[in-house]
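Visitor: Please model the complete structure; the sequences and the hints are all you need to start from.
Line by line, the protein sequences are chains A and B. Read in order, the letters of the first sequence correspond to residues 47 to 370 in my numbering. Read in order, the letters of the second sequence correspond to residues 47 to 370 in my numbering.
These are calculated hints, taken from the structure and not from any lab test.
Pair ranges (Cβ atoms, derived): (1) B:Thr116 / A:Arg286: 53 to 59 Å; (2) B:Glu131 / A:Gln81: 28 to 34 Å; (3) A:Thr230 / B:Gly225: 31 to 37 Å; (4) B:Leu197 / A:Gln81: 41 to 47 Å; (5) B:Asp78 / A:Met291: 55 to 61 Å; (6) A:Leu164 / B:Arg213: 26 to 32 Å; (7) B:Gln81 / A:Ser126: 35 to 41 Å; (8) B:Arg289 / A:Ser126: 28 to 34 Å.
Backbone N, C-alpha and C fix where the C-beta goes; we use that ideal spot for every residue, glycine too.
Protein chains: 2
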Amino acid sequence: MATSAPRVVLLAGGVGGSRFALGLRDALERRDAPQATIIANTGDDLWLSGVRLQPDVDSMLYALAGVNDTVRGWGRAGDSERVGEELQAWGAGWPWFTLGDLDLGTHLARTGWLRDGLTPTQVIERLSRRWPLGVSILPMTDDEVDTHVVLTDGTRMHFQEWWTRHRAALPPAEFVSPGIASATPAPGVAEAISSADVVMFAPSNPVVSIGPILAVPGVRDALRATGARVVGISPIIGGRVVRGMADVCLTAIGVETSAVAVARHYGARDRGGLLDAWLVAEDDAAGVAELAQSGIGASAVPLLMSDAAASAAIADAALAAAGF
Amino acid sequence: MATSAPRVVLLAGGVGGSRFALGLRDALERRDAPQATIIANTGDDLWLSGVRLQPDVDSMLYALAGVNDTVRGWGRAGDSERVGEELQAWGAGWPWFTLGDLDLGTHLARTGWLRDGLTPTQVIERLSRRWPLGVSILPMTDDEVDTHVVLTDGTRMHFQEWWTRHRAALPPAEFVSPGIASATPAPGVAEAISSADVVMFAPSNPVVSIGPILAVPGVRDALRATGARVVGISPIIGGRVVRGMADVCLTAIGVETSAVAVARHYGARDRGGLLDAWLVAEDDAAGVAELAQSGIGASAVPLLMSDAAASAAIADAALAAAGF
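Guide: Structure follows, in structure tokens:
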């Protein structure tokens with residue numbers, strides 16, 4: 047074990063990623079470690095009525111600032127939808143997409159700054175000044191690579207339409223990220239991975255949250271080259287998704303909804319994959335031996351992020367799995 | 047007198063223009079005349095935090111729909127500023143520019159449709175479907191020709207910053223409309239003027255409301271060529287502006303704040319100007335003879351738009367001055 051104060055990089059999506067980020071922040075503060083750098087998925091970003099939304103970034107921001115709606119699970123606490131109702135009355139926007147007024151303030155600040163010429167990275171840096179977050183947030187890329195879903199009948203739609211309007215109920219054939227082949231990691235992303243002591247994969251959707259981050263050209267290479275230990279936390283517990291609809295996404299890409307299958311999907315780092323270590327839930331302890339055969343050092347620990355302390359304990363377990 | 051049901055085109059700015067438009071609508075409905083076409087000033091349009099605002103168009107829309115805030119004099123009745131307060135908390139937008147939530151719904155609908163590729167004319171046509179307006183609204187142009195103010199010290203700012211933030215208190219040297227030389231009238235504008243029986247200039251700011259409309263290449267030519275009678279209503283009563291800060295604008299372009307001077311600024315149509323007739327307030331009756339010498343047939347009538355009936359009476363007087 048090197049130091050007990052490692053530099054940590056977290057690859058994360060929105061809601062699950064935020065919960066884990068809160069625990070990680072606590073765990074690192076207790077160790078007097080440097081603030082973690084979160085590389086946030088921007089694959090679920092969208093333009094809605096001329097306004098730029100970055101749902102995963104905002105979920106992270108609100109959760110870390112403590113202004114998120116913990117009951118509903120997304121958006122700002124105490125939000126209202128006056129503007130959204132007006133948009134509906136005009137027949138504009140997406141009637142099935144809730145647009146909170148406080149949340150819209152963030153979107154408008156972002157959109158105005160983007161129009162002024164700031165990059166998404168610079169916008170997130172500005173958004174990070176309002177409240178003490180205790181972490182740095184970087185977008186995976188400054189390029190627009192909004193995820194689209196191609197259904198089995200060939201219909202194609204924005205990921206948010208599929209996820210929010212159709213609740214992932216339309217059978218997906220493929221998830222595509224137009225433009226991602228020519229995208230580059232946002233400034234600081236590759237550097238953060240290279241200089242990290244630990245890289246963690248949050249228990250986020252492997253297909254549409256972690257997947258897009260890994261699809262940005264250069265990110266996989268940085269992960270393979272880093273001296274950091276790469277530790278993932280399973281988003282699947284006992285063969286079920288804890289929240290969200292990752293099972294539908296996994297099925298579409300031919301991956302079983304199990305902690306073992308997701309780890310194999312990421313792959314063992316010394317066999318051309320990405321993971322050094324993998325945390326599974328106690329229910330999935332039987333998978334630990336199986337994964338050892340695949341070259342992934344798995345440990346079984348409690349993985350339900352029922353509160354901040356539980357999330358911090360998972361972060362501690364991930365640090366321990368990385369040798370810290 | 048031809049028919050008592052003339053086709054009327056109204057050139058108008060925001061608040062004064064809306065009040066007059068309400069009266070005109072009533073006057074025409076009583077005559078079973080076709081709906082008027084309003085050519086709205088878009089010189090005070092602006093981009094604010096990535097969102098497109100068209101204040102004069104919206105003032106007209108809200109007033110004609112009966113959803114305007116009649117106490118405050120602008121915006122939607124019963125509006126709130128939740129999003130605007132958030133924008134301020136983010137340090138984004140213009141803290142001195144009130145952005146109502148209901149109003150923002152309109153701006154977002156507009157911005158989204160513009161992003162979808164609709165023209166401002168098409169956007170206004172869509173916005174005009176929600177409530178029965180009883181008139182058609184056309185923007186003067188589909189091009190962006192936002193007015194800027196150059197101060198006497200050389201500082202330059204968007205018209206809205208000068209008007210709203212500084213309450214027109216900084217001495218203006220010049221009003222400029224970048225891009226207006228290459229702008230074209232919106233589809234239907236020249237045609238509406240050509241086929242009208244009466245063209246009216248609303249009692250709007252001659253410099254920053256009517257001025258930009260006249261500055262769109264082709265509009266003056268259409269006004270000079272039309273078979274319609276062109277009748278203006280003075281926005282100046284007894285040497286004072288009734289609302290707004292037209293006096294400051296007039297002074298900047300070297301025009302005295304008087305009903306006579308504004309009429310001479312527009313000029314007599316048969317002497318290379320634009321007006322056939324001009325309505326002044328009873329306080330300014332002395333100017334009627336003066337204007338006759340300038341070739342403008344002026345009449346003195348009550349011009350205070352204290353209520354809808356008063357506005358309709360002025361519209362009736364304008365129709366009468368045009369021979370209807």
